[in-house]
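Chains as they are written, first to last, in my numbering: chain A, 1 to 139; chain B, 1 to 537.
Among these hints, one or two may not hold up.
As the list claims (entries may be wrong) - Taking lysine to any residue pairs in the SDA-like style, the calculated list, with each CA pair at most 20 Å apart, reads:
(1) B:360 <-> A:34
(2) B:360 <-> A:123
(3) B:340 <-> A:34
(4) A:132 <-> A:66
(5) B:360 <-> A:132
(6) B:340 <-> A:36
(7) B:360 <-> A:44
Claimed, not checked - Only some residues are given here: those of chain B computed to face chain A with a beta carbon under 7 Å:
(8) 176
(9) 349
(10) 352
(11) 391
To be verified - Partial list, derived from the structure: chain B residues whose beta carbon lies under 10 Å from chain A:
(12) 367
(13) 387
(14) 397
(15) 411
If you're looking for bench data, these hints aren't it; they were derived computationally from the structure. Built from N, CA and C at the ideal position, the CB exists for glycine as well.
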Amino acid sequence: MESLRPTSPAPVARVLVVDDDVILGGALCDLLRQKGFYVVGQVSSGPEAVALSAEEEPDVVLMDFRMPMMDGLEAATLIQARSALTQTVMFTAYDDETLNAEASETGVYCLLVKGCNPDLIVEMVKGAAARKRELERKT
Amino acid sequence: VALYLILIAGILAYNARVTQHQRSSALVVNIAGRQAAFAERYVKDVLLKAAGFQADPEGDARNLQRTAAALLHGGEVRAVQGAFATITIQPASSDWKVIAKLEHEERLIQKLVGRGEAVLATDPASPEFSDRVQELRITGAQVSAISNDAVGQMTLDLDNSLRQLRLVGLALGLIGALAAIAMAVLLRRTAAKQARQFGTLVHQSSDLITVIDPEGTVRYQSASVEQVLSLPASKLVGSNLCSLIHPEDVPRALALWADLAQRPHATGRVEYRLRSGNGSWLHVESAATNLLLDPTVGGLVLNTRDITERHEVEEAIKKLQVERGQLLDRTVQATEQERKRIAVELHDGPVQRLTALDLKLTWIGGEVERGQIEAVDRLQEVQSLLREQIRQLRLMMTQLRPPILDERGLEAALRDHLISSENGVELQVSVEASLLKRLAPAQEIILYRVAQEAVANVLKHAQAEHAWLTLQERSGQVLLEIRDDGVGFDPLMIPHSRNGHFGILGMRERVEMAGGSWDLHSVPGGGTLIRASLPRE
């Protein structure tokens, strides 16, 4: 786990990055910071993600699907059980229809495929954060 | 043939004898002489009557005519003189030559009588009367001469004919006798040769020829048993064959013999083990034929052959097949593991790295954005290339081993990845799956690969618009069907070099190795159906 400070003075959203590939996770963090997000942390497993999200209460969890010990979907379910408004953007290398359907049922905001345009990642994280704020307003 | 020839010769000889007898009896009476006498008497009576003497020339003439006719036909005349002669006409020879000659004679006599009547109708005082009388004399003399010649010729002809008949009969008889002797010798030699050959075959054959009753008691045993079982044939005769058969095989042998005994001339085969004289067991195949009703055999004939070597080869082949199956299974498993490993490595390595690179380049692009449009453009080009590489790698990973197959099972994998294989092709794939629960992992991968190969073939060759994939359970079997509405093909006409053929063989082999069944139905123009079923584990 790495504690990081925001590079933007006015972060639009608090994001937790979860990927078992540390280099990829780092690249995601860098990009998100550049685009003005506040990265609350970068972890490389599902249990770590559940623990840190309970501690930091991020708006959005940008999470890899296939990780050792616990997959992203399971971790997302546990995170949502604790803080229902936290939005999850799933990031996966496989474009599975079944996974897409399961993610949708679990309440995952969206599922992105690795190799998509990074701008789309930024857009989706933004969208997820907006949804969180909207839900907060409603409640 | 000989008998036939002898019979013909006999008939000819008999005919010759009969003809000779007839000739003797027919010619006992010298027709010519009697005819000459008749003619002279006739002339005398006619002339006497004509000259005014007391006589009954007309009655005499009739009697004489009848007498002559009777004699000519081989009959007999009791009395020649007077009007009350008793004449008996009997059938003469049937020889046409004799009859022709006799008829000729008769016609001459008729002519003579006719002339006589003409003389009678003439006035004795008339000038031509003496001329007629003279003519009658001459005719009578001619008749006599002609008749003598005819009889002579007839006798000569008959003699010749008889001689020829005798010769022909003798020749035919001789030929017949020789032919009969030759044939008898030939037949005896052939029979002896066949008997020797049969004896040699039975004795020198490596097969055992055994005659038993339905209970197994040996009635006859060929000498080859000494070579095959190291037992003397004499020891077996009278004993029960079952005492030599392996106890586990006895019921099978007895069942066959009992069954055959119910059906005359029926045959059957059975394999069993026979104990040889040195105590070792031989695997034999015995062909049995029911000849119980054949009076020369009166038993079941067993033709028994040592198949120990063949049996050993078959056992070796079976063992090799099992080993081959295990090897294939291990190869398939190893291949699957390797595919999985490569897919995981692609996922964990290049895909993650390239994605990270893409993100980093995006970050760099964000930093150099202002005032360096060209650099940003270049960066975006590099990123496009990167993303294409990532996409290719992802496709490769899925084809190698879709993780969803392990994670969610066959149904999900079929729905996700077979449908995704239609990308870029106008093919609609409908998936209908109704499994009650997940299959064993090994079965899932087999059926997934079958479906993958089948769909790949549809895409490559079928030119189909639709494909239907069904996965269901039925009576303890898991049934996978892949059907398309494409051009189809003749399954017998697949060229061996075609890759698809190996694919089909591979599919079939995988399914059958797993204890399942596989079949393919296709006709040109009628689409293709591939069906694979596995027993539910």
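>> Hint by hint, where does the structure go against what was stated? Just the numbers, ascending.
In response: 3, 4, 5, 6, 8 and 9
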